[in-house]
Amino acid sequence: MATRDVFSPPENLEEHSLNLQKDLEIIALLEETRYLNSRPPVPKHGNLDLAWEFSQDPAHHHRFINMLRVSPLVFLTVLDLIENHTVFRNNTNLGQTPVEQQLAVTLFRMGRYGNGASVEDIARAAGCSEGSVENYTNRCFKAILSLQSQFVQKLTPAEKEVEKEWMDNYLGFQGSWRDGWVMYDGTIVVLYRKPGKNGDAYYTRKANYGLNVQVRVHVTISALFNFFLDWEHTLEPSNC
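Residues in the sequence shown are numbered consecutively from 1, following our numbering.
No lab work stands behind these hints, which were simulated from the structure alone. Each residue gets a CB set at the ideal place from its N, CA and C atoms; glycine is no exception. Do not rely on the hints blindly, as some may be mistaken.
[Said to hold, decoys possible] When the alpha-carbon atoms are kept at most 25 angstroms apart in a straight line, the in silico DSS-like pairs for lysine-lysine are as follows: (1) Lys142 x Lys154; (2) Lys154 x Lys164; (3) Lys206 x Lys194.
[To be verified] Each pair of labels, with its calculated beta carbon distance range: (4) Asn169 x His45: 39 to 45 angstroms; (5) Ser146 x Pro43: 49 to 55 angstroms; (6) Thr33 x Met183: 57 to 63 angstroms; (7) Gly196 x Arg112: 39 to 45 angstroms; (8) Val119 x Ala158: 34 to 40 angstroms; (9) Ser129 x Leu24: 31 to 37 angstroms; (10) Leu147 x Asp57: 29 to 35 angstroms.
Put together the whole structure using the sequences plus the hints.
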């Protein structure tokens with residue numbers, strides 16, 4: 001439009017007014033058009049609704065679990081906790097997809113892996129668009145994470161003492177360790193060849209034969225405090 005006015009300026013005020021009116025109509029049309037190029041509609045015939053059929057009969061609950069990775073009771077519990085979250089509301093006349101459908105798509109997606117975990121495959125199974133799969137997942141995750149403070153809390157001193165006493169009585173770890181940390185770490189020592197006896201038992205997840213060596217580290221509060229004092233001392237200018 002600017003280029004047109006430079007190379008072919010309007011000759012009078014009337015022509016300028018007409019050009020301006022056409023320009024405004026074109027801009028309005030562009031803003032109201034979601035896709036500038038034509039897009040053929042994608043057929044959507046998902047089978048995720050079978051989960052609702054499976055949930056009606058306990059004999060088919062294992063099929064529900066196979067699809068959504070949780071039991072019908074767990075599904076309804078999670079749904080009850082998140083369905084009133086504001087993320088599932090909007091200020092338009094067109095409401096969102098029902099929350100149970102969004103949660104089902106999210107759980108179905110979380111239970112896929114490999115080639116079956118692509119957004120396109122999830123959308124085809126759910127009977128929705130790829131963008132909807134992403135939106136459903138993001139909304140459900142946001143709603144679930146908002147419940148963190150209700151289910152993940154720090155132990156109170158009394159609850160910590162109960163855990164410490166259980167360790168004292170059932171695992172035999174008594175003494176100063178109860179006010180510190182016990183940590184384990186391990187590494188695989190690769191063997192030269194497959195052992196002759198029970199060789200398959202030594203095959204590791206890293207596709208070799210090996211033995212696992214574990215090291216236990218016990219750190220008490222006092223030892224940890226002294227460590228930080230020594231570390232702070234090494235940072236003094238005289239030691240740099």
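Could you say whether the range 57 to 63 angstroms given as a hint is met by the Cβ separation of Thr33 and Met183? holds (60 angstroms)
Given the hint of 29 to 35 angstroms, check if Leu147 and Asp57 actually sit that far apart at their C-beta atoms. Taking Cβ atoms as reference, Leu147 and Asp57 lie about 30 angstroms apart, which means the hint holds.
Given the hinted pair Lys206 and Lys194, is their Cα-Cα distance within 25 angstroms? Distance of about 14 angstroms is within 25 angstroms: holds.
Do the beta carbons of Asn169 and His45 sit within 39 to 45 angstroms of each other? violated (59 angstroms)
Starting from the range 34 to 40 angstroms, see whether the pair Val119 and Ala158 falls in it by beta-carbon distance. violated (47 angstroms)
Can you let me know if the beta-carbon spacing of Ser129 and Leu24 is within 31 to 37 angstroms? holds (33 angstroms)
Next pair to validate is Lys142 with Lys154; report whether the Cα-Cα distance is within 25 angstroms. At roughly 22 angstroms apart (the allowed maximum being 25 angstroms), Lys154 and Lys142 satisfy the hint.
Holds or violated: 49 to 55 angstroms for the Cβ distance of Ser146 and Pro43? violated (36 angstroms)
C-beta pair Gly196, Arg112: status relative to the range 39 to 45 angstroms that was hinted: About 41 angstroms separates the Cβ atoms of Gly196 and Arg112, which means 39 to 45 angstroms holds.
Need the status of pair Lys154, Lys164: alpha-carbon distance at most 25 angstroms? holds (15 angstroms)
This entry does not satisfy hints 4, 5 and 8, going by the numbered hints stated previously.
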